[in-house]
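Protein chains: 2
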Amino acid sequence: MDTKSRQFNLAIVGLGGMGNWHRETIERIDNLQVCGSFDIKPARQQFAKDHGLVPYESFEAVLADPKVDIVLCATPNDVHREIVVRSLQAGKHVVCEKPVTLSSADLQAMIDASKQADRLFVVHQNRRWDEDFLTMKKVFDEGLLGEVFRIESRVHGSRGIPGDWRQEKRHGGGMILDWGVHTLDQMLLLVPGKVKKVYASVTHVTNELVDDGFCAELTFESGLRALLEVGTSNFVSLPRWYMLGRDGTAVIHDWSLKGEMVRITDWSKNDAVPIRTAAGLTKTMAPRTKDTIHTEPLPVVKSDIRDFYRNVMATIEGKAEIVVKLDQVMRVMKLMEAIFASAERQQVVDFE
Amino acid sequence: MDTKSRQFNLAIVGLGGMGNWHRETIERIDNLQVCGSFDIKPARQQFAKDHGLVPYESFEAVLADPKVDIVLCATPNDVHREIVVRSLQAGKHVVCEKPVTLSSADLQAMIDASKQADRLFVVHQNRRWDEDFLTMKKVFDEGLLGEVFRIESRVHGSRGIPGDWRQEKRHGGGMILDWGVHTLDQMLLLVPGKVKKVYASVTHVTNELVDDGFCAELTFESGLRALLEVGTSNFVSLPRWYMLGRDGTAVIHDWSLKGEMVRITDWSKNDAVPIRTAAGLTKTMAPRTKDTIHTEPLPVVKSDIRDFYRNVMATIEGKAEIVVKLDQVMRVMKLMEAIFASAERQQVVDFE
Chain A
0 MDTKSRQFNL AIVGLGGMGN WHRETIERID NLQVCGSFDI KPARQQFAKD
50 HGLVPYESFE AVLADPKVDI VLCATPNDVH REIVVRSLQA GKHVVCEKPV
100 TLSSADLQAM IDASKQADRL FVVHQNRRWD EDFLTMKKVF DEGLLGEVFR
150 IESRVHGSRG IPGDWRQEKR HGGGMILDWG VHTLDQMLLL VPGKVKKVYA
200 SVTHVTNELV DDGFCAELTF ESGLRALLEV GTSNFVSLPR WYMLGRDGTA
250 VIHDWSLKGE MVRITDWSKN DAVPIRTAAG LTKTMAPRTK DTIHTEPLPV
300 VKSDIRDFYR NVMATIEGKA EIVVKLDQVM RVMKLMEAIF ASAERQQVVD
350 FE
Chain B
0 MDTKSRQFNL AIVGLGGMGN WHRETIERID NLQVCGSFDI KPARQQFAKD
50 HGLVPYESFE AVLADPKVDI VLCATPNDVH REIVVRSLQA GKHVVCEKPV
100 TLSSADLQAM IDASKQADRL FVVHQNRRWD EDFLTMKKVF DEGLLGEVFR
150 IESRVHGSRG IPGDWRQEKR HGGGMILDWG VHTLDQMLLL VPGKVKKVYA
200 SVTHVTNELV DDGFCAELTF ESGLRALLEV GTSNFVSLPR WYMLGRDGTA
250 VIHDWSLKGE MVRITDWSKN DAVPIRTAAG LTKTMAPRTK DTIHTEPLPV
300 VKSDIRDFYR NVMATIEGKA EIVVKLDQVM RVMKLMEAIF ASAERQQVVD
350 FE
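If you're matching them up, the sequences are chains A and B in order.
Numbering follows numbering that gives the first Met the number 0, with no gaps: position 343 of the first sequence is 342.
Numbering follows numbering that gives the first Met the number 0, with no gaps: position 30 of the second sequence is 29.
These are calculated hints, taken from the structure and not from any lab test.
Some hints could be false.
Which copy? The list can't say, so a pair holds if one copy fits it or any two copies do.
[Stated by the list, open to error] 25 angstroms max Cα-Cα, derived SDA-like pairs, lysine to any residue:
#1 Lys136 with Val261
#2 Lys289 with Gly159
#3 Lys48 with Ile28
#4 Lys168 with Leu101
#5 Lys333 with Val84
#6 Lys195 with Leu226
#7 Lys257 with Pro286
#8 Lys257 with Val235
#9 Lys333 with Gln346
#10 Lys195 with Thr218
#11 Lys48 with Glu26
#12 Lys66 with Gln44
#13 Lys114 with Thr314
#14 Lys268 with Val235
#15 Lys137 with Val235
#16 Lys324 with Val84
#17 Lys282 with Arg305
#18 Lys257 with Arg287
#19 Lys282 with Arg169
#20 Lys257 with Pro273
#21 Lys40 with Pro273
#22 Lys333 with Gln345
The whole structure should be built from the sequences, with the hints applied where relevant.
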């Protein structure tokens, strides 16, 4: 029996910023190579040539090339469905950028096409490999803070919404679809159980056409509450992660994973010197003294994003189970639809 | 005409932590003196003696003393109503600690008693004089951030709820009544216009009987959203204030007023070097470079809490208008009731 893995050829459809990120990443992955690319923009066809790729002359040419095993769809969001379905029908396996598409009905059609063609269809939820997420997941899974009752996940920028297709509704722009799809996917992996209630609001600070930020509170059946927030007009950022347990708090401030855990060491020592402000005093809100708490570094988890493609190849070969499952992707899509509905109606929406 | 202010005598009913704070503060106020106190606890009667006060032998003795101009009610919240109404009926002016009482119906009865007796009834919303609040109000009023679209006001401690009557529902315990009454009062003074929607949730981390924290989102008719949060199991605190405008962000981290404003200087410079994380890259969330933003100190506002009592005395003398108005106090009370209702029903509540 030959245990050596076979070689996989991948064609990139849509060679923008993310398409090129895939090209660079795949260069560092064994048994996988980019065999070509196609982009509707001539400048990006030239970019392909400049980087040693052979550009296909059309999307149809990609589909017609028998050496293509996997199509990567990295186009604007509104054409994902067509590209994915046609690629599957042409017998290709498909990796699709996130958000997979613009509605759960679209996604169902894509899933159906995948089943019919008996080909792998997987969504590039790459931020499952982000180390800030994996570190908070470890804190949660190992119960390092005691019972967790609240998790806050924020992504704050101050550049407004990008000036490309991401600011147009018909192309699937907006921050719920762009960043919400990551933070929601992470939160649903982090917290077990059903999401019972969703309340959300959106902002239109720099853009009227699509949301340039949102805030969503999820209530899980356990009672745990999760706050998800994305902002693009935040000139001072609040922490990327903030997790509250009965016995401590964990925080990750930024992309560099600067953060800490502060845990209680002695509940019985509860006396406080009141804090005086201009107008009064407070004992309740007096900071704890060092003798009852312990500040510790986070148990940082390292990751290798190349594992995404390694898992894709192993799944195609029947040697592994796919990590990014379609039912998970569907759940996130439906949750985004609930967030849109809640924000529009200004009401709490029942979810699961 | 005698322009010299007359001398006012104030009797303290309830000489706990806050009652004693009043005693100390009044020592530094001209034309006002504490003429005695009453507390149902013998130890606090002794405390009065130890600090040079003559303790009254009963609440009735306070009311019967003609030299008492003003009664300060600083008891647990559930007996405010009785003490305030009886004091007014005895012809005394009344200063009442916050929260003024436990329901808007109670408050209405107290307001009615004040009108009937033609005596001043004022609530000690002392945190209107807190310098963090006054500083953020200046940032807002002077439009230093451009149009403000979101304000977050957080008070985070990690000592659980106090172990005294504040953990009992029948005494009016819980953090909505204890700290919410301040932060809501501040927010309603800060933001003009009606509050249209209220969504709130409460926590019971260290206490089952009363809320030991809450989170409330208010939507104003202008579209501005305000988040109010109080927590008592937060071992790492998020900033006390966070204000987002179209052209900048202001933050106050803690009681010492540590904070800053970051404002945009050049919207046209928008290019970014993408941030790389373990699993991907982002241009949208790349921090701004120094050439397009300006970080500035906050325009710190100083205050003198003694102005509260100076205003009370001037109002009694007909020389000033009362600062803490009863219709404002009633509005906050009704907003707290909306917060309780929203949290219980897990629904958005229409407010004004």
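| query | What are the numbers of the hints the structure violates, in ascending order? | reply | none
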